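Trainee: Spelled out from the first residue to the last, the chains are:
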Amino acid sequence: MNPANETTDPQGSVVSASPPLETVPLRHYGRWLSAAVLAVLVAMLIHTLLSHINRNGVTNDQRFQWSTVGSYLFTSSVMHGALVTIELTAAAMAVGVIFGILLATMRLSTNRQLRYVSWVYLWFFRGTPVYVQLIFWANLAWLYPTLSIGVPFGPSFVTITTNDYVTNLFLVAVVGLALNEAAYMAEIVRAGIIAVDAGQLEAAQALGMRRAQSLRRIVLPQAMRVIVPPTGNETISMLKTTSLVGAALGGGGELYRSIQNIYNLNYLVPPLLITGCLWYLTMTSVLSVGQFYIERYYGRGVDATRSSSSKFSSTLKRSFGRSPHTEVQPLERP
Amino acid sequence: MTSRLMVEARGVEKSFGHVHVLKGIDLEVKPGEVACLLGPSGSGKSTFLRCINHLEKVSAGRLLVDGELVGYEERRGKLYELTDRKICSKRSEIGMVFQRFNLFPHLTALENVMIGPRTVKRSTRSDLERQAMELLDRVGLAEKAANYPSQLSGGQQQRVAIARALCMQPKLMLFDEPTSALDPELVGEVLNVMKDLAEDGMTMVVVTHEIGFAREVGDTAYFMDGGVIVESGKPMDILVKPQHPRLQDFLSKVL
Ligand SMILES: Nc1ncnc2c1ncn2[C@@H]1O[C@H](COP(=O)(O)OP(=O)(O)OP(=O)(O)O)[C@@H](O)[C@H]1O
Ligand SMILES: [Mg+2]
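The listed protein sequences correspond, in order, to chains A and B.
One point on numbering: in the numbering used here, the residue at position 89 of the first sequence is 764, and numbering is uninterrupted.
One point on numbering: in the numbering used here, the residue at position 171 of the second sequence is 1583, and numbering is uninterrupted.
Since the hints were derived computationally from the structure, they do not count as laboratory data.
Model, not experiment: these values are computed from the prediction.
Mixed in with the good hints there might be a few duds.
What the hints assert, rightly or not - Derived CB-CB ranges, DEER-like:
no., chain 1, residue 1, chain 2, residue 2, range
1, B, 1498, A, 754, 54 to 64 Å
2, B, 1562, A, 904, 47 to 57 Å
3, B, 1427, A, 904, 37 to 47 Å
4, A, 745, B, 1537, 47 to 57 Å
Claimed, not checked - Residues from chain B that keep clear of chain A, each with C-beta distances beyond 10 Å, as calculated:
no., residue
5, 1440
6, 1459
7, 1483
8, 1540
9, 1597
10, 1611
11, 1627
12, 1646
Just so it is clear, CB atoms sit at the ideal spot from N, CA and C, and this is done for glycine as well.
Using the sequences and the hints given, assemble the complete structure.
Mentor: Right under this line is the structure:
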């Protein structure tokens, strides 16, 4: 070292006065290797997806029969199946969420009986498989050939024949899925409500709001921030759980059942499974985008000053892009 | 009507399980008066304040607001607990301001001010919006109407909280250490709003550590310690020449 370029600070340590040196970032040689391995694996995957084989006497057949996938993707039975799956998911989630909110408020009620009822409900429906529950509802007529509304142990006003209803597989599926879902939603909603600061309820009460009013106007809107992400999970999970309906009820017309009906005739199982999965993937992807916007809505006033995630594309960029910076954007009302 | 008291406490007691927090509080606030409650931490000031609007249930004694028992109804020598609906309607006549503001974060300042009348009184939006804007203007925050609480300073949040309580047109305002969570330079703006309110004739019960405010604005001061009122009187008397050693000790620490 050149002593002329050095000065001594008051503590006596040596400080270099020379111009700043060029910095060399750490070289991650391991990453080059892993990138190479990954590239080879991707190449193998693409190759196998597009390769040809001899199968069942057919020479040089497409291994995955993409042409079969393509020819079934938009057939009316597959599209109808997808539609039924969407309808089932929407109906079961709607009922499940409403019922779940009810169960959660019961669980948090000051009334001990309501708390117990809610707890027992959760214990039962979370503790038994949804597949079994579906079959159970389909066989309700065996236990109760008729159902009546009336005075307990007394006369009845309205009586229905159970079998008229359980033959409607869509109805049975919605009931079965929704009642099961309600148990899970109840816990999600309860977690959301608990997460809201107790001072919020007090402030609402101090204004003279009744319990139900404070819950609806003050607590639930804030709880939604905590409730929405796991509910998105539940919706995606529900979309896929509907594929049990066909097997459990022997019909119902949802997507997987439609796919199954086709491959039972032509035995082209893998291409048709791929056809189904492409639809499931499309639907779950749409749900994820929807979830993003719902989260943004309920995060207003809180999240907006914290992060830059006010556009879906910018979140994508943040997830996959290179810039680690979060820029603060002006708050706008959704 | 001057003989009627806005707040009247006679031997008010409160226990949480085995913890005896209030051990017989006597206090009187006439309409238009400002009563200041002082005392060390844990002495039961917040608990008493919360009893006044029935956020806490009184264990024993009589507590009346504007001549009516809080939370109970007296019939044939017995106290009957009021229904939730009646308690809520009584509460709506009493405004409360909290130490930690407790603004609703998902609503703008204006919506925060309007939400009480909107839900409780079902007021129509247009009238209410004008009234709420006037109140925001009165606390000096008209231009912040569209901001969310997270975009406001502590002092601004507390002023919105005061406007929110005022929008219910209360006959009594309760303040629980409204400035203790604020940075020193923000305390003044909140105290000024409270002073204006007092000059307008609002009846107020204020829990505070601001001795200056108590002396200047308070009509009466109460010093609480260990769940009882140890000394009370005109702020100018008891806060300048305290008689009780515990108040002398408290003042020497606070000032
Ligand atoms: N919900 C509760 N359950 C049990 N004890 C409580 C409850 N609320 C308050 N207390 C107790 O009552 C006592 C008085 O509390 P309080 O909050 O009224 O005091 P404070 O005078 O307002 O004090 P600070 O100046 O710190 O706010 C404390 O000892 C506290 O621990
Ligand atoms: Mg307190």
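Trainee: Now look at each hint and say whether the structure bears it out.
Mentor: How the hints compare with the structure:
1. Taking 54 to 64 Å as the suggested C-beta distance range, the pair residue 1498 of chain B and residue 754 of chain A conforms, at roughly 58 Å.
2. In this structure the supplied range 47 to 57 Å is violated for residue 1562 of chain B paired with residue 904 of chain A, their Cβ-Cβ distance being about 20 Å.
3. The hinted window of 37 to 47 Å between residue 1427 of chain B and residue 904 of chain A holds, with their beta carbons roughly 42 Å apart.
4. In this structure the hint that residue 745 of chain A and residue 1537 of chain B lie 47 to 57 Å apart at CB holds, the actual value being about 55 Å.
5. Under the 10 Å C-beta cut-off, the non-interface status given to residue 1440 of chain B relative to chain A holds; the minimum distance is some 23 Å.
6. Every CB of chain A lies more than 10 Å from the CB of residue 1459 of chain B, the least distance being 13 Å, so the non-interface label holds.
7. Interface exclusion of residue 1483 of chain B from chain A stands, the closest Cβ pair being 13 Å apart, more than 10 Å.
8. No beta-carbon of chain A comes within 10 Å of the beta-carbon of residue 1540 of chain B; the shortest separation is about 13 Å.
9. No beta-carbon of chain A comes within 10 Å of the beta-carbon of residue 1597 of chain B; the shortest separation is about 22 Å.
10. Distance to chain A confirms residue 1611 of chain B as a non-interface residue, since its nearest Cβ pair spans about 24 Å, more than 10 Å.
11. Look at residue 1627 of chain B: its CB is around 28 Å from the nearest CB on chain A, clear of 10 Å, so calling it non-interface holds up.
12. Against the 10 Å criterion, residue 1646 of chain B stays outside the reach of chain A, whose nearest CB is about 29 Å from its own CB.
Comparing the model with each earlier hint shows a violation of hint 2 alone; every other hint is respected.
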